[in-house]
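S.K.: Listed below, chain by chain, are the residues.
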Amino acid sequence: MAFGKAQKFYAETLANIKNDGLLKEERFIHSSQAADIKVEYPEGDAPQNAINMCANNYLGLSSHPDVVAAAHAGLDRRGYGMSSVRSICGTQDIHRELEEKLSKFLGMEKTILFSSCMDANAAVFDSLLDNQDAIIADKLIHASLIDGIRLCKAERLIYDHSDMAVLEERLKASQKKRFRMIVTDGVFSMDGDLAKLDEICNLAEKYDAMVLVDDSHATGFTGKTGRGTHEHFGVMGRVDIITTTLGKALGGASGGCISASAEIVDLLRQRARTYVFSNSLPPVIVSAANKVMDIIASTTERHDKLEELTTYFRKEMTAAGFDVVPGFHPIVPIMLYNAKLSQDIARDLFYEGVYVIGFFYPVVPKGQARIRTQISAAHSMDHIKKAIAAFTKVGEKYKILGKTKTEVIDMYGE
Amino acid sequence: MSDIKNAILDYIKNEYLEEEDEDDIDFDTPLISGGIVDSFSMVSLKVFLEVTYKIQLPDSKATPEAFDSVNNIYELLNEFNVQ
Amino acid sequence: MAFQDNIRDIFKKELNGIRDDGIFKAERIICAPQSSEIEVEFPAGSGKKNVINMCANNYLGLSSHPDVIKAAHQGLDHRGYGMSSVRFICGTQDIHKELEGKLTKFLGTEDTILFPSCMDANAGVFEAILSDEDIMIADRLVHASIVDGMRLCKAQRDTYKHSNMVHLEEKLKLHQKARLKVIITDGSFSMDGDLAKLDKIVELAEKYGAMVFLDDSHASGFIGKTGRGTQEYCDVVGKIDIITTTLGKALGGASGGCVSGRKEIVELCRQKARPYLFSNTIPPVVVSGAIKVLDIISKTTERRDKLEKNTIFWRKSLTEAGFIIKDGETPIVPVMLFNAKLSQDIAKDLYDDGIYAVGFFFPVVPKGQARIRTQLSAAHDIFHLEKALDAFVKAGKKYDILGKSKKEIIERYGD
Ligand SMILES: Cc1ncc(COP(=O)(O)O)c(C=O)c1O
Ligand SMILES: Cc1ncc(COP(=O)(O)O)c(C=O)c1O
Numbered sequence: 002m003a004f005g006k007a008q009k010f011y012a013e014t015l016a017n018i019k020n021d022g023l024l025k026e027e028r029f030i031h032s033s034q035a036a037d038i039k040v041e042y043p044e045g046d047a048p049q050n051a052i053n054m055c056a057n058n059y060l061g062l063s064s065h066p067d068v069v070a071a072a073h074a075g076l077d078r079r080g081y082g083m084s085s086v087r088s089i090c091g092t093q094d095i096h097r098e099l100e101e102k103l104s105k106f107l108g109m110e111k112t113i114l115f116s117s118c119m120d121a122n123a124a125v126f127d128s129l130l131d132n133q134d135a136i137i138a139d140k141l142i143h144a145s146l147i148d149g150i151r152l153c154k155a156e157r158l159i160y161d162h163s164d165m166a167v168l169e170e171r172l173k174a175s176q177k178k179r180f181r182m183i184v185t186d187g188v189f190s191m192d193g194d195l196a197k198l199d200e201i202c203n204l205a206e207k208y209d210a211m212v213l214v215d216d217s218h219a220t221g222f223t224g225k226t227g228r229g230t231h232e233h234f235g236v237m238g239r240v241d242i243i244t245t246t247l248g249k250a251l252g253g254a255s256g257g258c259i260s261a262s263a264e265i266v267d268l269l270r271q272r273a274r275t276y277v278f279s280n281s282l283p284p285v286i287v288s289a290a291n292k293v294m295d296i297i298a299s300t301t302e303r304h305d306k307l308e309e310l311t312t313y314f315r316k317e318m319t320a321a322g323f324d325v326v327p328g329f330h331p332i333v334p335i336m337l338y339n340a341k342l343s344q345d346i347a348r349d350l351f352y353e354g355v356y357v358i359g360f361f362y363p364v365v366p367k368g369q370a371r372i373r374t375q376i377s378a379a380h381s382m383d384h385i386k387k388a389i390a391a392f393t394k395v396g397e398k399y400k401i402l403g404k405t406k407t408e409v410i411d412m413y414g415e
Numbered sequence: 077m078s079d080i081k082n083a084i085l086d087y088i089k090n091e092y093l094e095e096e097d098e099d100d101i102d103f104d105t106p107l108i109s110g111g112i113v114d115s116f117s118m119v120s121l122k123v124f125l126e127v128t129y130k131i132q133l134p135d136s137k138a139t140p141e142a143f144d145s146v147n148n149i150y151e152l153l154n155e156f157n158v159q
Numbered sequence: 019m020a021f022q023d024n025i026r027d028i029f030k031k032e033l034n035g036i037r038d039d040g041i042f043k044a045e046r047i048i049c050a051p052q053s054s055e056i057e058v059e060f061p062a063g064s065g066k067k068n069v070i071n072m073c074a075n076n077y078l079g080l081s082s083h084p085d086v087i088k089a090a091h092q093g094l095d096h097r098g099y100g101m102s103s104v105r106f107i108c109g110t111q112d113i114h115k116e117l118e119g120k121l122t123k124f125l126g127t128e129d130t131i132l133f134p135s136c137m138d139a140n141a142g143v144f145e146a147i148l149s150d151e152d153i154m155i156a157d158r159l160v161h162a163s164i165v166d167g168m169r170l171c172k173a174q175r176d177t178y179k180h181s182n183m184v185h186l187e188e189k190l191k192l193h194q195k196a197r198l199k200v201i202i203t204d205g206s207f208s209m210d211g212d213l214a215k216l217d218k219i220v221e222l223a224e225k226y227g228a229m230v231f232l233d234d235s236h237a238s239g240f241i242g243k244t245g246r247g248t249q250e251y252c253d254v255v256g257k258i259d260i261i262t263t264t265l266g267k268a269l270g271g272a273s274g275g276c277v278s279g280r281k282e283i284v285e286l287c288r289q290k291a292r293p294y295l296f297s298n299t300i301p302p303v304v305v306s307g308a309i310k311v312l313d314i315i316s317k318t319t320e321r322r323d324k325l326e327k328n329t330i331f332w333r334k335s336l337t338e339a340g341f342i343i344k345d346g347e348t349p350i351v352p353v354m355l356f357n358a359k360l361s362q363d364i365a366k367d368l369y370d371d372g373i374y375a376v377g378f379f380f381p382v383v384p385k386g387q388a389r390i391r392t393q394l395s396a397a398h399d400i401f402h403l404e405k406a407l408d409a410f411v412k413a414g415k416k417y418d419i420l421g422k423s424k425k426e427i428i429e430r431y432g433d
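Protein chains in written order, with this note's numbering: chain U, 2 to 415; chain Y, 77 to 159; chain L, 19 to 433.
So here's chain U without its partners, still in its complex pose (with noise of 0.2 Å):
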């Protein structure tokens, strides 16, 4: 309680954040997740509706009436929250069932339920491994798993995003580890690009290295049964562990997980200090959540329409002259290279009535702002259709349509 000094310092680190226009804003919604919000922004405005083009609801479940139902039935059934931690008095029946559930839908042994994917993977490392080993991580992997690495004390090292051959020459660099672990994201958050997890597991085995996998961008609909990028690649029982959120395809509420063999699992349940030290999953979304393996384990339906939507909008956008990162993932970056374009573009799609988040600096690298797109099984044809026609009208306006990135860089600067 001696504000002063500090207050004047905060003050003065916020200014310079704005002032750099990396000011975070958060816009309103006054509806349900789904493919049409209301959206109140900037702040104290009616809100607007507006097609939702950049949620992680790949699968479209995050308000599903179903989904939806099967939480009002867990309420009823199984309360709101537990008020515990897990081994306390915070485990019921339904987290067994999930967990299980998990377990079989990913193809692992066992399965460890976490608050978020963010405390999965703060706690993995460190609970498995110390200084006798090694960690082999690709450049590019989530800000979570690098908290995780921070936390844990084996020797950190890092490869080109995707290279193989200097991942192999690190894992060549660091056989007199105890054990190595080589760590990936399944599909990269910002490109929407697949890490080559046949190669991976290849290397893995040639040098004797466990795999881990964050597969939140992959799980119920990458691979032609939703398994996840290992199932996409035929790898599935060569992944040593799999790390995954509830809280993107699978519902989107809240939650994370890890999946591995029997023991890695129990020994997770005894030491990662996000599992001992923190609430259990509160037991309306752990309802949710099993409903929504059951729909994703029943039918490749809304899986099937996701993949039918992606193709026809990256055919489409690309065909109307925007640079898009090429790839079928339902992550669509729509490449603008310049921080101000980026978000000049995201306020008039918002005019439009299409609402997406420009991405610039630190996030991507300097030079590679983007709009980064995401395609949900909840949008229509016509949703599709009307934002296209909306990015057009935008990118005509910015006479950027069938330009390069050269061209585009000379007329908006890097």
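No wet-lab data here; the hints were simulated from the structure. It is possible that part of the hints are untrue.
[Said to hold, decoys possible] Straight-line alpha carbon distances no greater than 25 Å define the calculated SDA-like cross-link-like pairs of lysine to any residue that follow:
#, chain 1, residue 1, chain 2, residue 2
1, L, K123, U, E27
2, L, K257, L, A173
3, U, K140, L, R292
4, U, K341, L, Q289
5, U, K9, L, G227
6, L, K67, U, E98
7, L, K172, U, L141
8, L, K195, Y, I131
9, U, K207, L, I28
10, L, K385, U, Q271
Keep in mind that this is a model prediction, so the values were computed, not measured.
Got chain U; can you put chains Y and L with the ligands on it based on the hints?
M.R.: For chains Y and L with the ligands alone, kept in the frame of chain U given last:
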């Protein structure tokens, strides 16, 4: 020599132990790996050594290993010609 | 994939070590909503048993309160199930703002920012607001999540002996030169149920130009005359710079945490706190329930008063029966048994008699300080407590510890 060791031991007892278990530690007791000095409060021990013996311990020397027992600390001090 | 047998064996061995040390945590499966009486399957696979729950953080009995559940139902209908987004992309609803406003008002602070949990709030706040020119001075018994947050922050760190104000003052003097100084403490310490000396801490903070950080997870909603927490109990409302607390205990118990305090600090957390920026927003159904919880506790102290009454009754009854309990006023009531095995044996007997409480021993508490930690709830009625007392007394007689001193118990059972 035992003056220095005793001074360090006294400091550690006062700083890190509760009254009840003070006689439990000696010059070889593992301090950090034994959970007596948590790595957070190592900074106090470092400042104590610097002030008492008028030295500057670079962070590279003030490692958990170097601080893990009174004997280890004494060796570290020797490197800085504290006798 | 190189999880070969050699690796498997190493992990197996570690697990066996944990079992051999007797510190393996086995989970009990609850087949009912959280409440004063629950149906439990333990060990896994065995038949179900009804027990009185004496170990939840359900202090106000709101975890399955009908009004809270109703609000959650409505929230589901009005604002959906999940948001599938972090806060600053498309994960902020009007109700998130509303909940932050209600927490600010309840805690008497300037502003509030929600996190997925208090674990995450503590993990993110220090790094967001401090750098290597600053010093964090923490009570030695702060919660593990604070320790992790401090580990993730580049500021210097030091600790002071638990609630020892002389030692804290020494440390403040020692670190006088640091740019920003923060004193860090839990409000109510979860293993002993004792309260931080916040009035003294604030005094020292003012004298030495330090900020005060308070984790009030085990106090928000029920400590202090109107439940505002340790700061109210110590009469320093408005003087704590940073408060973190959880929605996962008294405040409905579902999930969520927050940082509440000076508005610049909260704003900076919105820009920089990693668990806030990189993890999913709190789901609308949980937010709706939590808003109701705050409405309930802002309007009436009925539940906290009942909890207080239960606490007084329980503390008095145990003491009169001849148990050694940790003094204090909080609904965390540790029954001291000193010996680890004894704490396990008695917990088992209690369970057989329909009372669910957990024995804690080293390394969760210091060696020779094993105990059964009981926690009261406004969901308990006196008859629950009477039944629990009967079971405790029965076990106390069986092991002949009633009216015995610490020394006598240790002589008989070891420490
Ligand atoms: C003091 C303290 N802080 C933080 C936490 C974690 O809170 P949450 O369950 O919201 O992560 C706990 C809970 O165990 C606690 O006791
Ligand atoms: C790759 C990756 N891992 C982990 C997370 C965090 O997941 P959660 O929201 O469950 O904390 C995210 C979400 O942003 C992510 O993209």
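S.K.: List, from low to high, the hint numbers that the structure doesn't satisfy.
M.R.: none
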